[in-house]
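*Asks:* Fit chain B to the supplied structure of chain A, relying on the hints for placement.
Each protein sequence line maps, in turn, to chains A and B. Counting from 1, one number per residue, gives the positions in the first sequence under the working numbering. Counting from 1001, one number per residue, gives the positions in the second sequence under the working numbering.
Treat the hints with care, since some could be wrong.
[Claimed, not checked] In the EDC-like style, the derived pairs of lysine to aspartate or glutamate whose C-alpha atoms are separated by at most 20 Å in a straight line are:
1. B/K1024 <-> A/D113
2. A/K72 <-> B/D1109
3. B/K1002 <-> A/E81
4. B/K1209 <-> B/E1264
5. A/K24 <-> B/D1134
6. A/K166 <-> B/D1109
7. B/K1200 <-> A/E81
8. A/K24 <-> B/E1247
9. B/K1166 <-> A/E81
10. B/K1270 <-> B/D1109
11. A/K192 <-> B/D1237
Since the hints were derived computationally from the structure, they do not count as laboratory data.
There are 2 protein chains.
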Amino acid sequence: MKIKFNRNQRISCITKVLIDNPNKIINLNNFTKMFNAAKSTISEDIVIVREALNKLCMGKVETVAGASGGVKYIPQISSEESKEFVDELCEILKNPMRIIVGNFIYMTDILYDPYIITRAAVIIASKFAELEIDYVITVETKGIPLAFEVAKLLGVQLLIVRRDTKVTEGTTISINYISGSSKRIQTMSLSKRAIKKGSKCIFIDDFMKAGGTANGIINLLKEFESEVLGMGVLIDDVTTQHKLVGEYISLIDFKGIDENGRVELVPSQKKHP
Amino acid sequence: MKIKFNRNQRISCITKVLIDNPNKIINLNNFTKMFNAAKSTISEDIVIVREALNKLCMGKVETVAGASGGVKYIPQISSEESKEFVDELCEILKNPMRIIVGNFIYMTDILYDPYIITRAAVIIASKFAELEIDYVITVETKGIPLAFEVAKLLGVQLLIVRRDTKVTEGTTISINYISGSSKRIQTMSLSKRAIKKGSKCIFIDDFMKAGGTANGIINLLKEFESEVLGMGVLIDDVTTQHKLVGEYISLIDFKGIDENGRVELVPSQKKHP
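Next up, chain A with everything else stripped away, as it sits in the complex (with noise of 0.2 Å):
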């Protein structure tokens, strides 16, 4: 005997499928087997599902048409609750508590930190919601949890481009760059197995500064014959006015030390497209 659905039931279990599965194509008929019900009550039961959401500016559950169609949940924000995130980091991140020797902002914790490296996902992600990509690329270590993040949002699989050369990622391809802030050479090297030719990304990063590893990634994606469609940071140090890429987005501007011992932090002053 197969357990019975009401409505208010399957509404929230497709609330549930859909939001595990981000920019994934859902065929109506994984729902129709789960609910034993015809596909026209699904179908109604979406229309409520994309509604609410829609009312809450909590992402959109778009129709996607033909033999592999079905129904799919692009994450979203409202304006409010991003800029009330940012605010927010921005308190956090100005506690003087946080100044490290060197003048550096200790934020491990913050980027480490679900709670908030989701909300920033889902900023970060929803800019970029209209490009067509296959990868999101980032470099180890501190910018992986919200790279991976922003890929599991645009349903895409993560790459990650190691310092080092490892045994277990085969024939790897590296290259050499050069920081652009402490212009010393670095090394950063992507297996070959990991990425198809031909292949569009977003590099996602925590923090940029002159922009020498945006800049490396650029490059090594071109030995893979493939390209940065666009780049995200979570902090800006526009302290560093030089930049060595072009157009990217940033949630928060970091504006330096002043005098005072006080860290300057602001939310992101860059118009988005």
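*Replies:* Coordinates of chain B only, in the frame set by chain A:
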């Protein structure tokens, strides 16, 4: 004028909020404000969500009493779905094209695939749901997405132990450890700011060979007067029979590559407590 929500719509949005905040207590006032509805109405909505998710083993919704009380969502996966996922993952990893020089299995793509990692993480997190922990800890790099996702599902912060020391970490404590398989001396370090004394952690990683890394983590945490309450890995190399650590969970047993070049992988045979 406040937007009105009917029950169906509230249920969709409540499900969304719960799923997005696993193991976090959400006060009912959040929902009464969000929907401009009475607490009794919200309580009824939550009962429906609980029953719906419960029917399909999609997770538990628990009520937490007291002043700071509310509801929280505890992720779950049905044993059939879990079995199906692990079987499928074994098949993917058995592909002989994955064998790389040195008789390693290339699995980086799997470890950075959000679709796979989120499912593996639910299975692993649900084994540790009863533990009261402060952190999920891992070591860079390949296990980070899995560990991050487990941390998110358990509602705690992630810690990433580094192989090197970075100026952006402030003061760090480093230990040397001997990798159980290669017998090489290696270093791992953690920022003093990263963790509170007396913390309880679980260690999550992608692969366990002899357990040298896991053992190193246990010793590193001792320096912070903290302890490992549990360990979980995606794949256990059972060809290395002598393990340096005690109890741990794993999803897949790697039994080596046979003389015909077949990769032997099976769902983990360990009895999980």
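*Asks:* Now tell me if each hint is right for this structure.
*Replies:* Do the hints match the structure? See the list:
no.	hint	verdict
1	B/K1024 <-> A/D113	13 Å, holds
2	A/K72 <-> B/D1109	23 Å, violated
3	B/K1002 <-> A/E81	17 Å, holds
4	B/K1209 <-> B/E1264	15 Å, holds
5	A/K24 <-> B/D1134	33 Å, violated
6	A/K166 <-> B/D1109	14 Å, holds
7	B/K1200 <-> A/E81	33 Å, violated
8	A/K24 <-> B/E1247	37 Å, violated
9	B/K1166 <-> A/E81	33 Å, violated
10	B/K1270 <-> B/D1109	26 Å, violated
11	A/K192 <-> B/D1237	25 Å, violated
Consistency with the previously given hints fails for numbers 2, 5, 7, 8, 9, 10 and 11, ordered from lowest to highest.
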